[in-house]
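*Asks:* Work the whole structure out from these sequences, hints included.
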Amino acid sequence: MNFFKNPGLQDIEEQKEHTVDTVPIKTNDKKRKKPSKKKKSNFQQFFAYLFFFGALTAVIFRDQLPGIYENIEKEVLEFLTPPQALQVDNEISSIVTSDIIDFNQVDFIRSQSLVYSLYSLTSAIASDQIIKFEGGKGKIDVTLTGSKNSQFSVDTIGNILNYSLRQIEGKDLYEFGYLIQYEPYLNDNLNPNDYVSLNELRDKFETIIGLDVRMLDPYSLNALEETPIIITSDNVSAINDALAYMLSSGSNLVLNKATMNISNIDKPNVVRLFITYLNYSDS
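All residue numbers for the sequence shown refer to my numbering, where the first residue is 387 and numbers rise by one.
Calculated from the structure, these hints are not laboratory results.
Hints are not guaranteed to be accurate.
Stated by the list, open to error - Below, a list of computed lysine-lysine pairs in the DSS-like style, where the Cα atoms sit at most 25 Å apart: (1) K590 with K557; (2) K534 with K557; (3) K518 with K643; (4) K523 with K643; (5) K534 with K518; (6) K518 with K557; (7) K643 with K525.
Being a predicted model, the structure only gives us computed values, none of them experimental.
*Replies:* Pasting the structure below:
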């Protein structure tokens, strides 16, 4: 620098270094946060719930699991097994015919049981002691009369299901009511194929005095011709003869129902037998 270039004193101009204002950098003195374990805890909690509900379901359905597996196995086998071939018409018709015969044989056994029970009842008890009865479908509902100490051998017919006793008004007599479940019966000497013709049956009933026989129009049921027959009589002895014939002859005779009702105070009671004649010869 030349101090003598200009006269007088010279102003000295200090040269200052040009400085740039600097902004202090803030440092993060806080400690860094550790990674969150929330995701890990949620993941564990999900599997804990899954295990809990799985175990609960296993306990609830433990007893049902074998049945569930069996149903699944059955459905799978049905799906994999091809359908069986259809039977021909001849096989079907033979099966139907066999079922009809078996069904009619069952009806015959029921009929024989009812016939035998009624025959035993009317044979063991005097007709003037029988007020009324109704038999069918395995049971006989009978009302008898006598003194208070009267004893009737109705237990020989079957099991007594119900019993009642009441005094007849104005008389020293009592009515005894019995509901009896009669026992099954079948005559071993009667072959199931021992059929009787309709004409033979008509001729036999005509020989029994005191029977009123009414044969209704036949009808077809299950490819079998059936003829309803109603026998009416106020003579218990004549009814017994008809029952005895049915026990020993005609396996194609079915007694469906039997009743005895009071017709009139001055007249004896009327007995009715409702019979079905099965015509196997035309089937």
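*Asks:* Can you give the numbers of the hints that this structure goes against, from lowest to highest?
*Replies:* 1
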